[in-house]
Amino acid sequence: MLRIRKLRAKVGEKEILKGVDLEVKTGEVHAIMGPNGSGKSTLAQVLAGRDVYEVTAGEVVYEGKDLLELAPEERAREGVFLAFQYPVEIPGVSNLYFLKAAVNNVRKARGLDDLDAMDFMALAKEKMAALGVNEAMMSRSVNEGFSGGEKKRNEIFQMAMLDPKLAVLDETDSGLDIDALKAVASGVNAMRSPARAMIVVTHYQRLLNYIVPDFVHVMFNGRIVRSGGKELALELEQHGYSWLEELVAGGEPVNASSVTPAATTTPLGRRATAPFNPAQTGGPADREPAR
Amino acid sequence: MIEVKEDLFVESLQELEGGLPGRGQRWVRDLRRSAFERFADLGLPTTRHEDWKYTNVAPIGRIQFQPACQVEAEDAPGSLRRLPLVDLGLPQLVYINGRYSLEHSTAHSLPSGVKFRSLRDLLETGDETLSGHLARYAGYGKHAFTALNTAFLDDGVFLHVERGAVVEQPVLIVFLTAAGETPVASQPRVLVLAERESHVAVIEVHASVGEGERFTNAVTEVAVEEGAIVEHYKVQVEAPRAYHVATVQFHQARSSTALSHNVCFGGALARNDINSVLDGEGAECTLNGLYLGRGSQLIDNHTELDHARPHCASREYYKGVLDGNSTGVFNGKIIVRQDAQKTDAIQSNKNLLLSAGAVINTKPQLEIWADDVRCTHGATVGQLDQDSIFYLQSRGIDRAAARELLTYAFAADVLGRMKVAPVREWLEKELFERLS
Numbered sequence: 013m014l015r016i017r018k019l020r021a022k023v024g025e026k027e028i029l030k031g032v033d034l035e036v037k038t039g040e041v042h043a044i045m046g047p048n049g050s051g052k053s054t055l056a057q058v059l060a061g062r063d064v065y066e067v068t069a070g071e072v073v074y075e076g077k078d079l080l081e082l083a084p085e086e087r088a089r090e091g092v093f094l095a096f097q098y099p100v101e102i103p104g105v106s107n108l109y110f111l112k113a114a115v116n117n118v119r120k121a122r123g124l125d126d127l128d129a130m131d132f133m134a135l136a137k138e139k140m141a142a143l144g145v146n147e148a149m150m151s152r153s154v155n156e157g158f159s160g161g162e163k164k165r166n167e168i169f170q171m172a173m174l175d176p177k178l179a180v181l182d183e184t185d186s187g188l189d190i191d192a193l194k195a196v197a198s199g200v201n202a203m204r205s206p207a208r209a210m211i212v213v214t215h216y217q218r219l220l221n222y223i224v225p226d227f228v229h230v231m232f233n234g235r236i237v238r239s240g241g242k243e244l245a246l247e248l249e250q251h252g253y254s255w256l257e258e259l260v261a262g263g264e265p266v267n268a269s270s271v272t273p274a275a276t277t278t279p280l281g282r283r284a285t286a287p288f289n290p291a292q293t294g295g296p297a298d299r300e301p302a303r
Numbered sequence: 002m003i004e005v006k007e008d009l010f011v012e013s014l015q016e017l018e019g020g021l022p023g024r025g026q027r028w029v030r031d032l033r034r035s036a037f038e039r040f041a042d043l044g045l046p047t048t049r050h051e052d053w054k055y056t057n058v059a060p061i062g063r064i065q066f067q068p069a070c071q072v073e074a075e076d077a078p079g080s081l082r083r084l085p086l087v088d089l090g091l092p093q094l095v096y097i098n099g100r101y102s103l104e105h106s107t108a109h110s111l112p113s114g115v116k117f118r119s120l121r122d123l124l125e126t127g128d129e130t131l132s133g134h135l136a137r138y139a140g141y142g143k144h145a146f147t148a149l150n151t152a153f154l155d156d157g158v159f160l161h162v163e164r165g166a167v168v169e170q171p172v173l174i175v176f177l178t179a180a181g182e183t184p185v186a187s188q189p190r191v192l193v194l195a196e197r198e199s200h201v202a203v204i205e206v207h208a209s210v211g212e213g214e215r216f217t218n219a220v221t222e223v224a225v226e227e228g229a230i231v232e233h234y235k236v237q238v239e240a241p242r243a244y245h246v247a248t249v250q251f252h253q254a255r256s257s258t259a260l261s262h263n264v265c266f267g268g269a270l271a272r273n274d275i276n277s278v279l280d281g282e283g284a285e286c287t288l289n290g291l292y293l294g295r296g297s298q299l300i301d302n303h304t305e306l307d308h309a310r311p312h313c314a315s316r317e318y319y320k321g322v323l324d325g326n327s328t329g330v331f332n333g334k335i336i337v338r339q340d341a342q343k344t345d346a347i348q349s350n351k352n353l354l355l356s357a358g359a360v361i362n363t364k365p366q367l368e369i370w371a372d373d374v375r376c377t378h379g380a381t382v383g384q385l386d387q388d389s390i391f392y393l394q395s396r397g398i399d400r401a402a403a404r405e406l407l408t409y410a411f412a413a414d415v416l417g418r419m420k421v422a423p424v425r426e427w428l429e430k431e432l433f434e435r436l437s
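Which chain is which? The protein sequence lines are A and B, in order. The opening position of the first sequence corresponds to residue 13 in this note's numbering, with each subsequent residue numbered one higher. The opening position of the second sequence corresponds to residue 2 in this note's numbering, with each subsequent residue numbered one higher.
Here chain A stands alone, though its shape is the one from the complex:
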């Protein structure tokens, strides 16, 4: 479904993606983990078509098409969905109007008729009920005054409404308490399907307890430096990201595409340096550059 090869991207003069390789097949759920500044959110934004990032090399093939050639709205209509790390507040635009326009644009691209107001509301109510989204939200402005949890839930609600083929979830867990996290995760899990692929970008292993990935990739300094099964996430949790620095510095074989999941359970004879402490990272000051 998606093949990323040697992808490089920069913002201004600063190169952030330095040759990313990744292949995702239909039905798979991939997690991308990595410390702040590793480029994982940039990768998500580049896939959605954010133009502040300039792609300098490499290719992204999605369903046989050159994804990088498509405008952001065309990507959405082709079934690519990005759940934003920081959903944008849009005062004055009601969720209802916005989402109806979005759904009908995507439907049109798929050769389907517009949903009329009644059918749209019926669908929206069904999805809202499933996700525990308050119906009053529909008449509010997009994300305006929403709590962090409400914003993230709204992203997943939009995903459910748009029914994408490839969903990219960018730090959907950040800022959520455990109840909100469970609600969001169950919404995501309900959408797992053999016809859909997901890329879950996260800083923490916690989310992956609830959304269990088929594959885990670790990004560091603009590259995927390690790939594996879901155990890799636990390993990272145990050793912290500083472990990666040592790995990379030590010149271990880290090329993701050459490593199969089974082979990546490394012997953990190394001494972990500082234990991974989520409380010390991920604050606003640690946001990835040039969002």
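Errors might be hidden in some of the hints.
[Stated by the list, open to error] A few chain A residues that face chain B, going by a derived Cβ cut-off under 7 Å, partial list only:
#1 Ala88
#2 Ile102
#3 Gly104
#4 Leu108
#5 Ala113
#6 Gly157
[Stated by the list, open to error] No farther apart than 30 Å at their CA atoms in a straight line, the calculated lysine-lysine pairs in the DSS-like style are these:
#7 B:Lys116 <-> B:Lys54
#8 A:Lys112 <-> B:Lys430
#9 B:Lys54 <-> A:Lys112
#10 A:Lys18 <-> A:Lys30
#11 A:Lys120 <-> B:Lys430
#12 A:Lys194 <-> A:Lys77
#13 A:Lys22 <-> A:Lys112
#14 A:Lys137 <-> B:Lys364
#15 B:Lys54 <-> B:Lys364
In case anyone wonders, no lab produced these hints; they're calculated from the structure. C-beta atoms are modelled at their ideal positions from N, C-alpha and C, and glycine is treated no differently.
With chain A fixed as given, assemble chain B onto it according to the hints.
For chain B alone, kept in the frame of chain A given last:
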């Protein structure tokens, strides 16, 4: 009368003189003469005048406008019916080419407690209430266009809301001007007198028939007596070759409330002066405004809030959207007199520039003579937010539609503050169409 030789249009207005109402009334004669003398002294403002720095009205002086009342307005009834608020069942007062149209008005449906008289009739017969209020609020000493309007007082509205009357339905006033090949001028006048503890909403609409050049010079005075509430809506949707100059002047007594909504969409050049004197303790005034400029339109809004007494509050919220090569001007003056302690004034002007050729000149102007006051002001000029555009695009909405949607949301925010639903709904639709 005094000759003003350089102004062609004054010459043609003078043709009206013999037909002006109230020539038998001494106070009317004196008022006209005094106003004309003042206009002759002032002349049309030039851009050397600080209040007219960005707004060049010289083109108005170069056109030989014919008094609109002398021109047949054949298409007016059809155009009138197409105006969204007309014939909705609101009491409506219709003026076609400057003159009251009995046929299209429904003054009879005004509830008890509200008296309406067409100014032309009342000037002719004379009226003590009228002479006690007309031209007492909108001073013509400094404003040439107000002087001009007063010098040629002809027809308009006198709405008298009696003590304690609460008028449930808003009163619609329509000034419709028809212009074809001959440029026409009209100078409508409105006086609203809201007596103690009364409440009324007035919707003043300026609209056009035909595409010709026209000049509208409107003056509205609103006297808000103690504890009274007046909501005034001014909607200007004139044709692209219209010159529109208007003053709305409130005078507020103790504990009164004035609410102004000023929506400016049409015309080649539009200049509004929306002012209030808060002349009694505890008075409150809100001025909301929305202007939309396209092509080479020039839209100038000047406001003046004169806090003359203690414990008054004013809120001002103006937004502008400027596209093409249009120019916007916002000048928000707040005067706090020495006596006006505990004044609470907040002013905001936000502008969205949609093109490289669009210009906005925005200026707060604070004159504060009291020491215990709160006055804040803020002006912003910006473009559409790229993050918001991308967010909408990422949901399948194309870039052009995303821009329209965000522009609409920015502007409709002002309309959302309108209480009278039919006006708000009409203008939301009108806004949407103008942005598409």
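Any of the earlier hints contradicted here, and which numbers?
-> 4, 6, 7, 9, 12, 13 and 14
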